[in-house]
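Put the complex together from the two separate chains, hints included.
The primary structure of each chain is shown beneath.
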Amino acid sequence: MGAAAVAVVVTAVPLLYLVVRTTGAGWQAIADSLFRQRTLDTTLTSLALIALVIIGTLVLAVPSAWLLARTNIPGRAFFLVTAALPLAVPSYVMAYAWIAEFPGMSGLWAAALVMALATYPYVAIPLTAALRSIDAGHEEAARSLGLGPVAVARRVTIPLAWPAAAAGLLLAALYTLSEFGTVAIFRVDAFTRVIYTAYRASFDRTTAAVLALLLVILALVLVLIEARARGKAQRWRVGSGVTRPAPRHRLGGAGKVAGLAWLSGVAGLALGVPAWSLTQRLLESRRTSFNVDELLGAVAGSISSSVLGAALALVLALPIAVLAARYTSRLVKSLEGAAFLGHALPGVVVGLSLVFLTLAVLPGAYQTLLILAFAYAVLFLPKAIGASRSAIAGVPPVLESTARTLGRGPIRAWLTVTGRLAWPGIAAGTLLVVLTAMKELPATLMLRPTGFNTLATELWSRTEIQAFGSAAPYALAMIALASVPAWLMGRWLARAPEASDRDAPEDDEPVRTDEVSFVGGVR
Amino acid sequence: MTTPVALSVTDLVVGYGGPPVVRGVNLDVASQEFLAILGASGSGKTTLLRAIAGYLRPEEGAISIGGVVVVDSRSRTWLPPEKRRVGIVPQEGALFPHLDVAGNIAFGLHDRKQAKARVSEMLEMVDLVGLESARPHELSGGQQQRIALARALAPAPSLLLLDEPFSSLDAALRADVRSEVRGLLADIGTATILVTHDQEEALSLADRVAVMSAGGIQQVDEPWMIYEKPATLDIARFVGDLVELSVQNLEDRTAHTALGLVPLVGMEDDDQGPGDSRGTVVLRPEQLVLVAERPVGGTAGADAGTLGEVESISYHGHDSLTRVRLHDGTTVSVRSPGGSALRIGEPVRVLVTGAGRLYRD
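Chains as they are written, first to last, in the numbering used here: chain C, 1 to 523; chain R, 1 to 361.
Keep in mind that the hints are not guaranteed to be accurate.
Covered by chain C, according to a simulated footprint, are these stretches of chain R (three or more residues, beta-carbon under 8 Å) [claimed, not checked]:
id, region
1, 53 to 64
2, 76 to 87
3, 93 to 99
Residues of chain C placed beyond 12 Å of chain R at every Cβ, according to the derived structure [stated by the list, open to error]:
id, residue
4, I73
5, V81
6, R250
7, G253
8, L283
9, L362
Have a look at the derived ranges for each label pair, beta carbon to beta carbon [what the hints assert, rightly or not]:
id, chain 1, residue 1, chain 2, residue 2, range
10, C, N291, R, S133, 52 to 58 Å
11, R, D319, C, R154, 55 to 61 Å
12, R, H137, C, G253, 45 to 51 Å
13, C, R154, R, G338, 55 to 61 Å
14, R, G183, C, I411, 37 to 43 Å
15, R, G141, C, G255, 47 to 53 Å
16, R, L79, C, R326, 19 to 25 Å
17, C, V13, R, D111, 46 to 52 Å
18, R, R57, C, Q28, 56 to 62 Å
19, C, G137, R, G338, 40 to 46 Å
These aren't lab readings, by the way, just hints derived from the structure by calculation.
Glycine residues also receive a C-beta, built at the ideal position from the N, C-alpha and C atoms.
With the rest of the complex left out, here is chain R (with noise of 0.2 Å):
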């Protein structure tokens, strides 16, 4: 491989003694990348963390980091957490309570002389200079986050780990720590795996994402390849809100559906005819458009669009997600900009953009 690989998972198997939690993982991240594992609970993305980690031995598989092997489970190599050069950030930081900010900093460095320098430039690195001899829980939440990240990168890890590491912050300090944190692992260019359950978080942070469910990962994408082209449907339905109609007959590229004829895209590689008809078309709720149905007078595009009537609006600020009650009972989700003008049970038109992805039966 040309590219230096700053991780490389193979055929990884982590249980508990049970069935197991991780099943045959194989992933790779490159040197300076950013990751981010996305799965709901339950998924075995946080186990195979802990494996990476070495707090958890595998039952099968490989793992080397750096290009240095930790674990093969063929040749029954295996180093300790305290030897894999792996800085990690748990789950609200988990900051030493008995030392204080400069104590937790230096905690993983071994040189004494220099530890000085480097926790102060740690401490500059994540912009919280002159904090040296504060106690943890004088810290804000933010800030307690961005010294366990200093902490971890204090020893110049070759991978580094995240944990839902935002997940404890609230929503007004999360978008600030994120971005700030993404920028500055951007400039250190670290290798990064990023663990969390928000899609919106991952979406928005990583340079690849894997997806990962029931032990196994199911597509490792970009991110915007994730959300225009899921793998699967349940990848579609787990990333972002979807609008799902059933196929009522396929020709030519184009599904005839509860809202008409929607042109279907992705399917160069696959069956083009018409075939086996069952199947579900998915589209992204801005790819609909709501027209408000005038029922005096008729005016021009009256009749463009699927008759429904408004179920119920959840209003968010930027957008407002609408949902739809198509004539024959499906219900359709529906985003626009900004709040709407629309009152439940009144009739409307949904249009639709843009072209849906089919997933077969």
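The shape of chain C in the complex, shown without the other chains (with noise of 0.2 Å):
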């Protein structure tokens, strides 16, 4: 108990002492950084980025989600996968790809747009899952209660798959408002762009507290929202039993063309158009100058750097996830709901904050590959205390207590049992922190050491100078290297804790909700 409260407030430091150094600015300074243009017009433009990426993600997700869960289209396993990719690709590294093929793009659209097609799978994984697994005993007994298959939609399919768009809507939303590579790229003036730059003109910190501030309070209202939405979609879910999934719609000939040509196109945007970028720019790259000690210098960096976070992260998630885990008092809920609002945190906000704490306080600690790791941590509990929390709860408490009996002690009994048990999953859930880490970019830019760089650092700073050619190496190191943890991890789920498999149930599609959460955990 004592172990989780010490790591809940470590991770609330930098969000803490952001307020205290926005407070110590005094309220005139507050109120001068508040009320003023340039807050509503970021505020207006967030928010716009925000409601268009919403728009985008839910027009891309729900025709893909209804005709891999409700047709026949061929290629419906080929397509799922197509679906679930875009989550494996950095959205700025999507972002970088666009721009190298279309140098002109910029603004509020084409960030929306990129964003959009980043997301569409919070929504389009979650949404087809739901569709498949709405029992048809209720859509047949809404049309024998004499409902048109119109109204059968409106009045029984939407209500009930609604709780798992609504969710990925949020997640994406969430995501849009923290991104920074993709806004920064298209120069648009959201949050976390605005901030960043306040804080490269020095003179200006008071503005980029108070705008993170600001920052982390919409967001805040977004986790909550979507964690109520996801309370919402659980107690939505009614019995035991088996469920039989609706019957697939038989396309004709003209319905499957039409099909195939949305599905492709909607891949075509999200997968080709980078991957065919990405290729120019490599053979271009190898006409151009390329460095391998560079390119494996940033390698390492990636690889050191979140090793080291994920590591921290875990030391820290373990005691939270253990508790909450087992027991469900209220100081364990509040404890685990402090580190689930890290959610809510941008690693732009984390990195600022950091900056001014170890530049107050530690000096010697500024720009240090510990703070940066550090900052990972913070950023990334919540993942791994998901993922370890889970692996735990798997395990059934009564193994532990009758290795009790056995003669072991406490901590014996929970190493040989539970944690023998649950340790693929707390493995899973530190590879996801790994990951997540290698793509942070906000926050390695303002806490790396000097000279320290890692792919995303160099895809960024190679971006901006619109050296496109040079970037792509480290777009496909990038790529690269993200899908290895994520390939471990696939694997590692497959063959999860033995304790686990008995249950899990058969399913005549590759829509699991085991995967669709794996998926949707990667971010």
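Here you go:
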């Protein structure tokens, strides 16, 4: 319990310090920063971007999900993969690929297009699963009660599938609000870019702090709404019986052609364009100068910082996860809730507050690897907790208590039974943090030691000076490196703890809920 | 005490922070004894078991196992589960899924050299020789349950706790596994507590049965005593089917009821006089006999018994339970061997054989 409380407090330090630092500037300064045209413009820009991304995500996801879940369109397994794959590509890599192909792209619409392409899996995947899992009985009952197909969709299918889609939409919105790279590449003055610019122009750090707090508040609102929507989605799952999926619509020839055109078009925009652009740039880069040592240095930087960050996150997460998996007291719930709020901390905010904090308290730690790793740990703690917690909760407590009566003390019983059975899940959670930390950009830019490069920062600095060709190897290395943990994790989860595979439901579809939550967890 | 005591529970109060779930339980289990704790869900029986195993710290009271005090609220003694020498077989076995059968059985053994011999000994005992390297999920439900038993018995505990171990097995298997386990435990003579909500299981297996409800033990007795001489009307209702008749009048160990005159037993220690006549006479359905009513002709004995009408029949194969509505509106259940030739709505006469027990209001 003590360790868990310490972990939560440590995690909260950056945010608390940001509050202290902001209020320390005096109310007049805060008011000056808050009540001016620029703040309003920034807020409106961010909100407009979110609105456009939500609309774009819905437009892309809903027809795709319906085609995949409810029709006999050929190639469903393939298109399910293409619908999930954009999650593996960091959105600013996607943005880089687009702008490298179409250098004229910039502004709100360009950013919204790329963000929608990057985030539509958040809705498409859970919505497909939801449409598949709605018991055919509900819709059949509605039909026999006299409703036509449209009325059934409006009054049964949409209300049943909505919670899944809503949770995904909120995730997409939160992601859009926190995203720095894409917004900066297309020069959209949303929160993250404005904060970063204000921080860079070092005379204006109070503005940066005030805007950062405002951003956190907005993100917090989204996180809380998301948590509520998810709770609702869970409550709606009624009954434990096996559901019978709805029958698939038999598409005619024309329908099949149209459907395939749609799915291929979406996949082409989300994956094809970036792949084409990246290939072109790679071919170009062979003609320009290309330094292998620099690339290897960046790979080493990415790996060392993200592994260190993940290790730190694991140390902080384990006490909370152990408590949260086994106890439901109010104190434990609030500890877990506090850690969960970490979802509302954009990288730019954590970066900023740790810059302030180290400069004020520990100048020696400013721009060291340790502080960078700590930033990763704070940012991705909720992920590490989530994975470890469900892995531990998956081990029946009766096993541990039985081990106790067989003569093992509490720590040995935990290690030889619960820990032993939960470790694949815990390891997967840690790998997930490694994977996510590799893609982190703004906090890395602010906190990295001088001369220390990661793939993300190299890609960023080359894109900034429009050296698209020489950026290509970094983008490719990033996708490759990020897919290694993803692949490992998939294997791990496939042969997950023997305890749970007994109950794993058989499904006629490749849409399995565990896969969906796994994909949804990759950000 | 002359006979060695395997378990002694004194004034035990256990709770989860709120109102206590186990309220002042006293219980002794003799060595080699098989005791069943019978109770409905929510009666506190599982909480009592968890307190004995050491998973829960009681608020008050003391427990000693094999003569060793494992918890005592007054002297603040506390032994954790791993020091209590208690074996437990949880519901559904709860075998460790990451270990094979041998690994499971050897889990509680400290001496690695002797472990192998002990594992084969245990496998022989539960009649599963050759399954050392099988994985738990490859075993049938009954096999899993027997391995869980072997695992619990391998360290030679001084007390064995069975937490509804048979409830997850299907009916056909349950009876077999039950009698096997019972025979095995009788052979090795480890004192055992079985927690169950199944009265048939408790009555058929145990040397003594403790009936538990509302956090307290209501009666501890041999199985036939629990069934035939339940201490309270509630216990009578819980243990098996019941015929309840309200008393119209009492005289000389006989009660006037809707079924006519019913002789009463078990009133020796009670007041015998008519006194207050309010109360309930209970009989078991097998104490009633059905006689077909013959509307034409009137044969001998046609007047015997009380006239009623068949309301429902549930057929169980070896016997059937017929519910009869008497003329005054009371319904009684009658157990008859085999099936029934009666039809619903048919008039029938009900005869009482043997004596009932009176519970005063």
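Against the structure, the hints:
1. 53 to 64: Answer holds; 3 residues pass the 8 Å Cβ test.
2. 76 to 87: Holds: 7 residues of the region 76 to 87 of chain R have a Cβ under 8 Å from chain C.
3. 93 to 99: Coverage by chain C holds here, the residue count being 4 at a Cβ distance below 8 Å.
4. I73: Given a closest Cβ separation of 37 Å, the condition holds.
5. V81: holds, 30 Å
6. R250: Answer for R250 of chain C: holds, closest chain R Cβ roughly 40 Å.
7. G253: G253 of chain C is indeed farther than 12 Å from all Cβ atoms of chain R, at 47 Å.
8. L283: Nearest chain R Cβ is 50 Å from L283 of chain C, so the label holds.
9. L362: Non-interface label on L362 of chain C holds, nearest chain R Cβ at 43 Å vs cutoff 12 Å.
10. C:N291 x R:S133: 52 to 58 Å: Holds, since N291 of chain C and S133 of chain R (Cβ atoms, about 56 Å apart) stay within the stated range.
11. R:D319 x C:R154: 55 to 61 Å: holds, 56 Å
12. R:H137 x C:G253: 45 to 51 Å: With a Cβ separation near 47 Å, H137 of chain R and G253 of chain C satisfy 45 to 51 Å, so the hint holds.
13. C:R154 x R:G338: 55 to 61 Å: Between R154 of chain C and G338 of chain R, where Cβ atoms are some 59 Å apart, the hint holds.
14. R:G183 x C:I411: 37 to 43 Å: Since the Cβ atoms of G183 of chain R and I411 of chain C sit about 39 Å apart, the hinted range of 37 to 43 Å holds.
15. R:G141 x C:G255: 47 to 53 Å: Holds: the Cβ-Cβ distance is about 49 Å, inside 47 to 53 Å.
16. R:L79 x C:R326: 19 to 25 Å: holds, 22 Å
17. C:V13 x R:D111: 46 to 52 Å: For V13 of chain C and D111 of chain R the Cβ distance comes to about 50 Å; the hint holds.
18. R:R57 x C:Q28: 56 to 62 Å: holds, 58 Å
19. C:G137 x R:G338: 40 to 46 Å: For G338 of chain R against G137 of chain C, whose Cβ atoms are near 42 Å apart, the range 40 to 46 Å holds.
When held up to the earlier numbered hints, the structure conflicts with none and fits them all.
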